[in-house]
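Chains as they are written, first to last, in the numbering used here: chain S, 1 to 219; chain B, 1 to 272.
Please note: incorrect hints may appear among the correct ones.
[Said to hold, decoys possible] Across the chosen pairs, the derived CB separations fall in these ranges: (1) B:Gln22 to S:Pro90: 41 to 51 Å; (2) B:Gln147 to S:Asp67: 42 to 52 Å; (3) B:Glu29 to S:Asp155: 34 to 44 Å; (4) S:Asn16 to B:Glu91: 56 to 66 Å; (5) S:Asp137 to B:Leu242: 18 to 28 Å.
Think of the hints as simulated: they come from the structure by calculation, not from any bench.
Ideal Cβ placement from N, Cα and C applies to all residues, glycine included.
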Amino acid sequence: MERHRHLDYDLDNMRNRVLLLGGKTETALARAMFALVERDTAAAEEVLRDDDQIDQLELEIDRLCIDVLALRQPAARDLRFVVSVAKVTPILERIADHACNIARAAIDLNDEPQLKFFAELPRMAALASAMLRAALDAFTTGNAAEARSVIDGDDEIDALYEHMFQTLIALMSSDPTTTGRGARLLLIAKHLERVGDYVTDICELTVYMAEAAFIKHSN
Amino acid sequence: MIAPRAAAPPPEQQQQQQATAQAKVSVRELNFFYGTAQALFNISLDISERLVMAFIGPSGCGKSTFLRTLNRMNDTIPGTRATGEVLIDGEDIYAPGLNVVNLRRRVGMVFQKSNPFPKSIFDNVAYGLRINRLTTNKTELQDRVRQALEDAAIWSEVKDRLKASALGLSGGQQQRLCIARALAVRPEVLLMDEPASALDPIATQKIEELIVELKKQYTIVIVTHNMQQAARVSDVTAFFWLGKLIEVNATEKMFTNPNEKLTEDYITGRFG
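My request is simple: use the sequences and hints to build the entire structure.
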């Protein structure tokens with residue numbers, strides 16, 4: 001069936017582009033954290049420079065979604081896939097924006113003496129990256145069970161953020177000279193915490209895509 | 001061949017779960033034969049009052065045959081036979097002695113190809129009223145013709161040329177005239193067999209808008225090959241395959257997450 005082949009080609013293409021976008025987003029997050037932890041300003045600038053590719057990829061996937069909806073009129077699981085791709089793509093782009101914000105903070109922090117090494121930050125980043133990778137795997141394979149299990153990981157990121165928040169507030173209160181750097185570190189922690197939330201959104205969309213079940217706001 | 005998912009409830013149960021309106025038509029274990037060839041197999045479903053139900057499925061799946069069982073249109077084909085029950089308001093339309101002419105007044109039909117009589121626009125709509133002697137009063141006849149043309153959303157286009165031949169109308173206008181002709185005798189159920197398949201997109205849109213408007217007063221059943229049309233106009237969709245009712249479900253459910261894999265394969269174009 002001709003329509004079947006064209007549609008499958010388009011859906012495969014969309015899946016591949018989302019995987020590519022996800023990979024670039026993962027890389028941006030990992031490079032931004034590397035720039036922070038290793039105090040490598042060049043790596044941070046690389047993240048900012050590469051963000052344009054991510055933005056262009058987002059636009060390309062947007063166009064693919066619109067074209068498939070207009071020209072192929074997908075239904076049922078195909079429709080759920082296209083709608084989910086259309087919603088996952090800006091989430092990935094926003095995660096990349098958070099990576100850029102972390103990179104900008106790293107550039108500023110690298111100009112100043114290190115306040116203190118906070119193990120929570122790389123731990124949060126490692127968790128967020130692992131969640132993102134697993135979420136993208138689940139999304140591209142339509143594995144709802146895997147997506148559900150990824151969501152649970154967000155609690156640990158939230159807990160680490162809460163701990164960072166308390167620690168940095170206490171530090172800035174006791175020593176006002178740390179406020180500038182402390183605030184930047186707090187923002188970095190917040191960015192990572194938001195990445196965890198966005199990954200959760202991707203997983204919720206994966207469950208919708210696979211099972212047509214809305215688990216968002218189910219609490 | 002892909003078998004339906006075993007875990008899904010049977011079609012009649014699925015419909016009972018989603019149907020909220022009262023059933024106007026209830027079909028129970030209907031089988032239909034063209035001579036020795038069985039065309040419909042054990043069909044059971046309810047058609048709710050003042051809703052639009054769409055029948056979809058590949059060519060030859062039995063959806064048009066099933067539609068025609070609802071007003072015994074198949075009786076006109078020699079050698080056909082039906083078993084089971086078709087109840088309209090609880091009355092079995094296959095019961096011996098049932099007045100078939102009266103049945104077809106209650107259950108009107110619009111066909112794929114518009115078929116106006118070679119008469120004036122007015123006489124086309126008045127035809128059913130006259131032969132059924134539903135009115136002998138000239139003023140009432142005019143009023144009912146006008147009402148039918150208004151209900152079919154064609155009055156403003158023909159009000160100044162009611163004496164003109166219906167054959168001079170465009171394809172889309174002829175189809176709406178045929179709908180007006182069906183509505184003039186005030187049916188309770190309107191059967192539509194691919195009513196827009198021969199029309200351009202603008203005429204199709206008018207027919208679809210009309211269907212949505214008409215369901216306020218009538219129970220409508222439409223056969224369509226156009227799945228987007230089924231999605232646009234119907235409240236409930238039934239999928240037929242090889243003479244069997246595979247799934248009946250709320251239309252939004254049918255087109256986003258059907259229960260049966262066979263249904264999903266059909267509406268996503270992965271059939272066969």
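Quick rundown of the hints versus the structure:
| no. | hint | in the structure |
| --- | --- | --- |
| 1 | B:Gln22 to S:Pro90: 41 to 51 Å | 45 Å, holds |
| 2 | B:Gln147 to S:Asp67: 42 to 52 Å | 46 Å, holds |
| 3 | B:Glu29 to S:Asp155: 34 to 44 Å | 54 Å, violated |
| 4 | S:Asn16 to B:Glu91: 56 to 66 Å | 59 Å, holds |
| 5 | S:Asp137 to B:Leu242: 18 to 28 Å | 39 Å, violated |
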